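Following the hints, position chain F against chain H.
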Amino acid sequence: MKGSILIAVMLIGAPLGSSAQTVEKQYVFAEKPSVLNPRFFVGLHVFRGNYAVFFPSGPNGGGADSWQLTTGLTVAPRLALQVGYVYGHTTDNSDPTYTGTSLSGDFVSGSSANERWTHCVSSLARYEALRFFKPRLRVDALVGLTFLQTRDIAAGEERVNYQVVNSYYSKQEASDLYATVGVGVRCPFSQHLEGIFDWTYSRNFHSAPEYIHQSVARNKYGLTRALSLGLRYRFDLKKTASAAP
Amino acid sequence: MATPPANLSPNQAAWLQFVAEVERGERVDPLGQYVRKTNQIKRGDGQQAQRPKFEMSARQFRWVTRPSGGGRTTKGLVVSAATADCDPLAILCEGDGGGGGPTITSTFTSSVNQGGGGNIRDLKLILGTPQDNTVSAQRVSGAGYIKLDADLNKGCGGSYIYLCFTRNISTVLSGLESSQVKPYSSPADIVSSLDTKHGSFTSTPQPNLDYFEIWLPNQNENYDWSELDLNKGAGGEYLYSYQSKTPFSRLPNGAGTRPRAAFLEIGVLSGNSSTITPPAGWQKHNQDLNEGAGGDFIYFCYKL
Chain H
134 MKGSILIAVM LIGAPLGSSA QTVEKQYVFA EKPSVLNPRF FVGLHVFRGN YAVFFPSGPN
194 GGGADSWQLT TGLTVAPRLA LQVGYVYGHT TDNSDPTYTG TSLSGDFVSG SSANERWTHC
254 VSSLARYEAL RFFKPRLRVD ALVGLTFLQT RDIAAGEERV NYQVVNSYYS KQEASDLYAT
314 VGVGVRCPFS QHLEGIFDWT YSRNFHSAPE YIHQSVARNK YGLTRALSLG LRYRFDLKKT
374 ASAAP
Chain F
149 MATPPANLSP NQAAWLQFVA EVERGERVDP LGQYVRKTNQ IKRGDGQQAQ RPKFEMSARQ
209 FRWVTRPSGG GRTTKGLVVS AATADCDPLA ILCEGDGGGG GPTITSTFTS SVNQGGGGNI
269 RDLKLILGTP QDNTVSAQRV SGAGYIKLDA DLNKGCGGSY IYLCFTRNIS TVLSGLESSQ
329 VKPYSSPADI VSSLDTKHGS FTSTPQPNLD YFEIWLPNQN ENYDWSELDL NKGAGGEYLY
389 SYQSKTPFSR LPNGAGTRPR AAFLEIGVLS GNSSTITPPA GWQKHNQDLN EGAGGDFIYF
449 CYKL
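Residue numbers (our numbering), protein chains in the order written: chain H, 134 to 378; chain F, 149 to 452.
If you are wondering where the hints come from, they were derived from the structure by calculation, not from laboratory data. For clarity, every value in this text was computed on a predicted model and none was experimentally measured. Each residue gets a CB set at the ideal place from its N, CA and C atoms; glycine is no exception. Among the hints, a few may not be true.
[Claimed, not checked] Residues from chain H that keep clear of chain F, each with C-beta distances beyond 12 angstroms, as calculated:
#, residue
1, Thr-204
2, Arg-211
3, His-252
4, Phe-265
5, Leu-270
6, Ala-274
7, Leu-278
8, Phe-280
9, Asn-294
10, Arg-319
11, Ser-323
12, Trp-332
13, Leu-356
14, Tyr-366
15, Arg-367
16, Asp-369
[As the list claims (entries may be wrong)] Anything over 10 angstroms on all C-beta distances counts as not near chain H; from chain F, calculated:
#, residue
17, Asn-155
18, Leu-179
19, Gly-180
20, Glu-203
21, Thr-255
22, Gly-266
23, Ala-336
[As the list claims (entries may be wrong)] Now the stretches of chain F that chain H is said to cover, found in silico as 3 or more residues with beta-carbon under 8 angstroms:
#, segment
24, 352–362
25, 424–437
Bound-form chain H, shown alone (with noise of 0.2 angstroms):
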């Protein structure tokens, strides 16, 4: 993940290196070009979140380190609407989790097992706040939902001489609803590739105590990141007015 991380950062922050060094403080807010020119655009993106969940049991820690499958519309000049999809999968065995041998002699030892699955479903307005020039940057604003669905499994063997003697079995599933704010920076490599990188905060619709969020998400506000770095392909759905016959 980390090294897919630093890949991302290479290809994307390539072709700023050369005027990184004098970055002017130039820029403008979004001007409304003269024709709205509707773009349908696909993504993909290293994404690494981390979501508050509220299973049966209790709160817990969530989300995905994944990739992010990302679509979506400019629907206005400044605006675009998108969705983002993260699939997460996660296992944690250990056999034999624990040796050693009653106090009758007998050979005793147990596995355990724990899964989850997760689905992670965003929807979020883009909105284009600022645009820089040297280097080219656009700047989005972001706000939207998120939904996340998350299924835990956990399950285990407790054995006597090799026999099993006990097994269990806990699944746990929980879907929650989060509002989710960010920031966006999305650079052009050409008319229809742009490298992207979004930041976003999210929080659980779900009521909970400050101590509830101290303790999950490590903030008294029940804040939790998500980021995701990645490259995106715009299409063009029609053509320009200028263009047209």
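For chain F alone, kept in the frame of chain H given last:
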């Protein structure tokens, strides 16, 4: 109490002395597995330093006699790789252990006969030696917890980390698990399971749902709690520890629950091989707490 192995052979006693001398900086481990205790590795640069780790079969012992002045000689132990040539500084390589086989040595530290009677009610971690008088030691020991005198970073430098326990309901310090309203997190509940998980530079793992952290009191004025990387300052894997007080196991297919045995005793086993075992009646949690950091092989143990 710390229980050194009974009937120590000369090689075993010399091995323990060798480790102690390396930790004090008086000797150097030629294999680089053991380092002086003042050796600290900072995690901040994102690097995860890994030290080599060897079973005893990778080493050999040689007793050597060297002049120590005044016409006298001293006998010492040379520890080297199994394939190393004879120490050129050695005056005499004696027969005892000369190229001898590995000597597995372990030390077991347990709660037996400590802290009164009854089951183990709670576990906490502390950082630092008693001489350091750290905040965590003041709070945990001051509350009545008993410290197991076994450094969880033995042999690999880093911070001094100790496991503490209490059997007394009135002394249990409620960590964040009680404010999370986690089931079976009251002082009256009894520890019934241990777990460890790997983290990374950028993420701390989350415990399984029936578990919560073995907390370290942090440095804040009020009672706040932190997770503690069990290899803090020592490099290696990022390892975090958890306890569960759930008194039952859930059976497959929703077939109800089965009672889970509670911990009668807790212990720490350390030694120079992954094959070391605790005494009869004890169970070893099969995760080396020094994974990737060199030093001793260290394991949590418990008795049901």
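Hints, verified against the model:
The non-interface label for H:Thr-204 is consistent with chain F: the shortest C-beta to C-beta separation is roughly 27 angstroms, beyond 12 angstroms. With a minimum CB-CB distance of about 33 angstroms to chain F, H:Arg-211 clears the 12 angstroms threshold, and the non-interface call stands. Interface exclusion of H:His-252 from chain F stands, the closest Cβ pair being 17 angstroms apart, more than 12 angstroms. At the 12 angstroms boundary, the C-beta of H:Phe-265 stays outside the reach of chain F, the nearest C-beta of that chain being 28 angstroms off.
In this structure H:Leu-270 is separated from chain F by more than 12 angstroms, as the shortest Cβ-Cβ distance comes to about 25 angstroms. For H:Ala-274, the condition that its CB be more than 12 angstroms from all CB atoms of chain F holds, with the nearest at approximately 25 angstroms. Remark: the non-interface label on H:Leu-278 is consistent with the geometry, its nearest Cβ contact in chain F lying 23 angstroms away (cut-off 12 angstroms). With a cut of 12 angstroms on Cβ distances, H:Phe-280 stays outside the contact zone with chain F, its closest approach being about 20 angstroms.
Against chain F, the non-interface label of H:Asn-294 holds: every CB pair exceeds 12 angstroms, the least being about 14 angstroms. The claim that H:Arg-319 lies off the interface holds: its Cβ sits roughly 24 angstroms from the closest Cβ of chain F, which is beyond the 12 angstroms cut-off. Against chain F, the non-interface label of H:Ser-323 holds: every CB pair exceeds 12 angstroms, the least being about 31 angstroms. No beta-carbon of chain F is positioned within 12 angstroms of the beta-carbon of H:Trp-332; the least distance is around 14 angstroms.
No beta-carbon of chain F is positioned within 12 angstroms of the beta-carbon of H:Leu-356; the least distance is around 16 angstroms. For H:Tyr-366, the requirement that its beta carbon stay farther than 12 angstroms from each beta carbon of chain F is met, with the minimum near 28 angstroms. Against chain F, the non-interface label of H:Arg-367 holds: every CB pair exceeds 12 angstroms, the least being about 31 angstroms. Non-interface status of H:Asp-369 relative to chain F is upheld: no Cβ of that chain comes within 12 angstroms, the nearest being about 38 angstroms off.
Every CB of chain H lies more than 10 angstroms from the CB of F:Asn-155, the least distance being 20 angstroms, so the non-interface label holds. Its beta-carbon lying about 27 angstroms from the closest one in chain H, F:Leu-179 satisfies the requirement of being farther than 10 angstroms from that chain. With a least beta-carbon separation of about 26 angstroms from chain H, F:Gly-180 lies farther than 10 angstroms from that chain, consistent with its non-interface assignment. Every Cβ of chain H is farther than 10 angstroms from the Cβ of F:Glu-203; the closest lies at roughly 17 angstroms, confirming the non-interface assignment.
Even its closest Cβ contact with chain H, about 17 angstroms, leaves F:Thr-255 beyond 10 angstroms, as expected for a residue assigned away from the interface. No beta-carbon of chain H comes within 10 angstroms of the beta-carbon of F:Gly-266; the shortest separation is about 19 angstroms. Every C-beta of chain H lies more than 10 angstroms from that of F:Ala-336, the closest at about 18 angstroms, which supports listing it as non-interface. Only residues whose beta carbon comes within less than 8 angstroms of a beta carbon in chain H count, and the segment 352–362 of chain F has 5; three or more means the coverage holds.
Figure legend: the segment 424–437 of chain F, annotated as covered by chain H; annotation consistent (10 residues with Cβ-Cβ distances under 8 angstroms, at least 3 required).
In the structure shown, no violation is registered for any of the earlier numbered hints.
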